[in-house]
Amino acid sequence: MHDYLLGIESLSKSFSGIKVLDNVHLQVRSGTVHSLMGENGAGKSTMMKCLFGIYRQDSGRFFLEGEEFNFIDPKHALENGVSMVHQELNQVTQRTISDNIWLGRYPRKGFFVDEKAMYRASRELFARLGIHLDPNLKLDALSVSQRQMVEIAKAVSYEAKIIVLDEPTSSLTDNEVRMLFDIIRVLRSHGVGIIYISHKMDEIFEVSDEVTVLRDGQYIGTEAIENLDMERIVNMMVGRDLGHRFPPRTNVPGEIHMKVSKITTKYSPIIRDVSFELRRGEILGISGLVGAGRTELVESLFGARTLESGEIYIDGRKINNSTAQKSIGNRFALLTEERRSTGLYPVADITFNSTIANVKSYRGAIGLLDDKSMTRDTETQIDNMRIKTPSYKEQIRDLSGGNQQKVIIGRWLLTDPDILLLDEPTRGIDVGAKFEIYQLIINLAREGKSVIMVSSEMPELIGITNRIMVMSNGRMAGIVETEKTNQTEIFNLAMKYLINSTEAEI
Amino acid sequence: MAKFAHKLRTMTGRQWMDLLVQNAIYLVILAIILTIIILDPRFLSLRVLENILTQSSVRLILALGVAGIIILQGTDLSLGRMVGLAAVISASLLQRQDYAGRFYPNLETVPVLLPMLAAIFGTVLFSAISGWVVAQFKIHPFLATLGMMTVLYGVIQIYFDMGAGGAQPIGGHDRFYTAISTGRLVEFSAGGTRVGIPYLVLIAATVSLVIWVIWNKTVFGKNMYAVGGNPDAAKVSGVNVMGTTIMVYVMAGILYGIGGYLEAARIGSANPSTGFGYELDAIAACVVGGISFSGGIGKVSGAIAGVLMFTIISYGMTFVGLEQYYQYIIKGVIIVVAVALDTKKYLRRV
Ligand SMILES: Nc1ncnc2c1ncn2[C@@H]1O[C@H](COP(=O)(O)OP(=O)(O)OP(=O)(O)O)[C@@H](O)[C@H]1O
Ligand SMILES: [Mg+2]
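As given, the protein sequences belong to chains Z and R, one line each in that order. Going by the working numbering, 404 is the number at position 404 of the first sequence; the sequence numbering is gapless. Going by the working numbering, 225 is the number at position 225 of the second sequence; the sequence numbering is gapless.
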């Protein structure tokens, strides 16, 4: 008998002459979770896309249960026991959940699609996985996390032997992550081999059996999780010890910068009566369960949501942020949670993508744009955030998912805002680059800018903020000093206005 | 029903607004009809209704063809020339034996439906080539069909010159062929004139039904929406994107073939400029009916509403004696307004 369910041997792949994968390996045993790790741009997604038949490799061989194969397209892969949750959500949002799940394999009754069977199968699938959604809902009526769960359910529904999960938790709520892990455990007990990609270390230690690390397209090694700790993994990924996870908090909050008074939104999801003060040079974290209104709060401050009532004061002066334009004029910047779909110009180059929000400031004497300084600023960003790319001329869609994020983050930092609203700024970013981003945030605060940062990652909130505001069910449950709080206190605050605890679930 | 009434009573202002926006196009049609009726109450007659439906029939068949391509995020500029090709082929094969300038002087009388198949063969061939070019070389359909439009004009001219009839339009249709465009299934007297259900209307209704079934009940139809909505998603889900794309163009070709065949019958003759400019009417009707250029969205009922609206406007405005040039202005404004309202449908308020 063969030892491995899936074997990838000596895989190499280049894009326009640049080697992205150089002779890498992966061996997955049946009934195990195999984590694939590496920095942004290390080649994880590319490796999986070669396996799945989206890219054709330059060289390398694949084995499934000892038998050699080479999928020519995704259809071929799906039919032969490999399914995949893609890093970018690939969904037809205009169509219903069940249309999406069974896309490519609609059940037929004679000449027609058997809608009833399809609906029934979706219900059964959801019941089995514990998802409470009506399969007839259109996808654009769902939240991103619900769409992500649909995608996971779809991958499971293929009854595949190998399931690839490429950053499946990037937009899931804590509850959903737990649901996903339950699903993974069941699949594992049925002998399925799971390839798991994530930048969240705690997840890696919770679900993995084995870990394979890539660095710059090179194979670094494979280890059982028992033999690994966080330092060791980071060392394999980055090639050196990282030391601290968080830079020292060198910013000093000063006088009151912004005062928010009784903000209430007009349309659902509702934010009710939120009031707080933000000091100059302060980093204020916003915590809470998903659905508590964290994103909605920063969007309201930025004018992306209509307010029913409430006021915002800057330095004691009342300001009007009723549209995004006005708030940019008031020197606000918002890094959205869904930056990939709302912030990307896919076919434009990195320079365009990183300077577009600030393009006015590059106007020269006669109003023409100064290419040189645009390029220079872009190159600084590429260096600062360690964006992995051949050059600033690269189209942004050819960057790895995490590197695309870095470009967008850089774009907002370049606008030189006074008040920076960051929604999940480190989502999908590798450990090394996270440190750089924390450092950038702290530096900005030290220069006297004020930062509001929404995050679901408790360690990061505790690691770099000065205070943490906790949202619960659209209301503010309290603000705590970061130095004096702990996870339990924050969790209890997050539950404060929930009628019952199940409301936090989907 | 009681439930529905209850719902209406308990709706908030916001929901009313949404309902209005959702059904904007139908309200616009209604408003236009009412205005015309007020200006000239004779508009409210069976005769007028029959005329409007008849005039809409061929347009609807053509609109349904290009609608599929619009759902794929595309468009088809060659539609008019496709109609021309089908019209010329059909007419050339269906001339009376005693007609003087026959295209094929020695041709025996052929069964009336056979030339339709010949026409469809021609339009499907060229439309499939467009589809293949779009799918294979990732050329934007606007450009691919712009090229096809030009090619087709040449093809039509060459075919036309082959005929023995010289430079005059291909006329003198066989009486069965003419009957298709003028005949009615049931006929009765109403208000002094004879009205009924024209064959053209029946054909358009049947075609709409078939297309509705294909779009909504078959794997191909669902795949069409998926490819139009998000081609990457369709691809990684194992859908044959290229095959689906080509099939949508083939379907369009079939509909253009039928449309061109009927159009020549309706006009009573065909020449190389038959169908010129029809693509713009068809595309306008689709977008006004909510078939979105951004892809993945559109219904058969939308195409029907869009086509009817345009026919009602032109017929009605002529009926009340409005000058042609004013009609153009009103039509143009309506296109833009309807599309603006339609885009609003998909904006979620936050
Ligand atoms: N289609 C493409 N064309 C050109 N270069 C590409 C393409 N796809 C990926 N690359 C390059 O290949 C490298 C590896 O990308 P990949 O997406 O595999 O990284 P990753 O490990 O998944 O990173 P992340 O954690 O950010 O998702 C990157 O440097 C990227 O720029
Ligand atoms: Mg990736």
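Hint data in this document are derived by calculation from the structure and do not stem from the laboratory. There may be inaccurate statements among the hints.
Stated by the list, open to error - So the derived list for chain R, only partly shown, Cβ under 8 Å to chain Z, looks like this: (1) Thr218; (2) Val219; (3) Tyr225; (4) Asn230; (5) Ala233; (6) Ala234; (7) Val236; (8) Ser237; (9) Gly238; (10) Val239; (11) Gly296; (12) Ile297; (13) Lys299.
What the hints assert, rightly or not - One-sided excerpt, in silico: chain Z residues whose CB lies under 7 Å from chain R: (14) Ile72; (15) Pro74; (16) Lys75; (17) Asn90; (18) Gln91; (19) Leu103; (20) Gly104; (21) Phe112; (22) Ile328.
Yeah, the Cβ is synthetic: ideal placement off N, Cα and C, and Gly gets one too.
Handout entry: Numbers of unmet hints, in rising order
Key = 13, 14 and 22
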